[in-house]
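Chemist: Listed here are the chains, written in short residue letters.
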Amino acid sequence: MSAHHSARCIFWRPTAPARACLRRSFHTSRPFYVDTGKTPAKLPAADRKGKNGRLAKPKPKGIPGAEAYTEEEIEVLKRWYTPAQLAAVEAGEAAVDPEDLLTQGTLRTDPMAFDYVDDFAEIDPVVDKAVRVPKSNYDPKSRFKNPDEIAQDFGKFVRELPEKPTRLDYIKFRDNMRLTVGKEAAERNPVSSLAPAIPKGLLDRPGVTKKPGEVDIDPAMKRLMRQTGYSRQDILQFKSKVLVQHGVVNQTRMGKIRSVYNLCIAGNGRGLLGIGEGKATEFADARTQAQYNAIRNARPIPRYEDRTIYGDVKVKMGAVEVELMTRPPGFGIRCQSLIFFMCDLAGISDLAARVTRSRNPMNVIKATFHALLNQRIPDEIARGLGKKLVDVRKVYNGSSLS
Amino acid sequence: MSLVLLAHACSHLQNASKARLGLTSLPSTTQLHNLLLQLQKHGYVNTVSLGGPTPPPPSALAPIMSANPAARQEMLESGHIAWGAKDVPEGDSWGGVDDGGTVTQENIASRRLWVGLKYWNNRPVLEKMRLVSKPTRRVWMPVGDLERLARGERRGYVKGLRGVGEAMFVTTDRGIMEIRECMERRIGGMLLCRVNPVEF
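Protein chains in written order, with the UniProt record's numbering: chain A, 1 to 402; chain B, 1 to 200.
There could be a bad hint or two in this list.
[To be verified] A partial selection of chain B residues facing chain A, derived with a Cβ cut-off under 8 Å:
1. H42
2. Y44
3. R162
4. V164
Keep in mind the hints are simulated off the structure, nothing from the lab. Keep in mind that this is a model prediction, so the values were computed, not measured. We put the beta carbon where it would ideally sit given N, CA and C, even for glycine.
All chains, full assembly: derive it from the sequences and hints.
Modeler: Dropping the structure here:
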């Protein structure tokens with residue numbers, strides 16, 4: 001909006017408070033129709049078009065904002081304006097034709113109308129097409145002044161100095177001094193075929209450039225943030241642990257290609273747990289890959305009372321058979337190390353487990369993850385059976401349990 | 001009472017659930033019929049009805065042993081559902097040669113128990129059903145042991161009921177009933193089978 005606001009514009013207040021725009025918008029100003037939920041006031045149907053199809057001149061009576069100020073309004077204005085300012089305000093109001101208020105002060109409703117509010121008084125360097133310098137601001141004969149010409153300019157400046165020169169005079173000379181001979185516009189505002197520079201202040205906007213305290217985010221982390229929707233802080237809060245690491249070899253006709261395999265688990269200690277695998281020639285790369293994959297795969301684990309699992313679970317994966325058993329409060333995690341770390345990161349504190357048959361670490365981890373995810377929730381079972389289910393622990397110990 | 005038929009029934013119900021069948025049939029015996037009615041009472045199967053070699057009409061498949069007593073009573077009083085020979089009025093049958101719910105001396109060999117299976121969230125409600133007593137080794141237990149079983153403890157060779165929604169059926173001198181009902185009535189008996197909505 002331009003600076004030419006009338007006092008009415010300043011004191012005007014919407015009848016309904018404007019809501020924040022819910023829909024993602026590509027415009028910097030707020031969309032009018034979305035926010036208010038109703039179309040702007042239309043002219044009466046009879047007045048909308050005259051006989052020749054153009055806008056007929058509407059009658060000025062009843063135009064909101066065209067009436068003179070009431071005594072109370074003037075009292076309010078007096079509090080803010082000096083009498084001279086108030087006189088100027090009134091003169092300005094009188095100068096506006098009330099018909100203009102009606103014909104130009106309304107929002108367009110035609111199909112080509114913009115769906116956002118703007119008076120187009122300013123050029124937005126982001127949205128609008130850049131204004132180029134006219135090609136006439138070019139002088140092929142322009143050249144730099146030689147020392148004699150500069151000395152002449154300086155002599156002229158000294159001669160024309162007032163008796164008591166101020167600092168301002170020197171600054172004016174410094175800033176306005178010309179260094180070339182020829183067209184003035186060619187020096188002050190030269191034409192250029194280069195793309196317009198990034199406007200001043202644009203890079204200071206939040207999110208455009210790095211602030212002093214910010215750190216570089218590597219592309220893998222950025223990708224993870226984009227895929228999961230977690231912030232960097234959220235991701236850093238995940239605890240992770242590499243449970244399996246060993247070298248692997250790919251035999252090609254050129255020879256053996258060695259790389260490192262990592263299997264990592266990640267959890268937030270509050271019910272989220274994921275496992276991820278990574279393989280790279282460098283150990284650090286494999287670790288990062290596995291860790292990010294684990295965070296990417298993080299799934300919520302159903303936990304009874306935030307401490308144990310619902311019922312006993314049995315899963316077979318490959319030759320590994322894992323049996324997880326629910327346990328009472330204070331039991332602890334009594335099982336082998338791999339399952340212990342998984343429960344620890346998932347935030348399970350009471351559990352027993354048994355691994356029968358094979359104990360291949362990779363498959364134990366995968367089977368445990370599958371088992372934790374595939375618990376059957378008693379509520380769902382009860383719905384299937386058509387029974388009503390009540391947790392009696394919560395009935396008897398209601399005060400001590402949430 | 002042979003347990004062989006019961007063993008076959010257990011496997012058959014598991015298989016039918018895995019195949020996502022809506023309706024299946026079992027040989028008609030009193031033991032199976034009573035067990036199925038208990039299964040229905042505890043919500044593991046939808047409907048149980050006595051019929052011939054062909055499936056009964058849909059009207060006969062209403063849940064007559066609904067967990068809601070009022071609904072059950074209403075079903076029985078409405079009279080058009082037969083669930084036992086003596087409940088069927090004279091001349092009221094499912095018509096034709098296949099004489100539906102009426103059990104007579106001529107058709108008793110061809111009777112089948114038609115069971116409507118239940119599914120919830122795309123999974124069978126009855127996923128696992130196993131014998132506890134085997135034909136070669138029956139297991140009897142007094143009520144004290146049944147209580148400990150129901151609490152999840154192991155008694156002898158029988159594992160406790162630790163699964164979510166797991167039930168065990170016991171045959172007593174008061175008929176077949178669930179283990180918790182046995183505890184309520186303070187009677188022991190022979191453990192027939194255990195039923196699990198989860199195949200773990």
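Chemist: So, for every hint listed, does it hold in this structure?
Modeler: Quick rundown of the hints versus the structure:
1. H42: 7 Å, holds
2. Y44: Holds: closest Cβ of chain A sits about 7 Å from Y44(B), inside 8 Å.
3. R162: With a minimum Cβ separation of about 5 Å from chain A (threshold 8 Å), the hint on R162(B) holds.
4. V164: For V164(B), the interface hint holds, since the closest Cβ of chain A sits about 4 Å away, which is under 8 Å.
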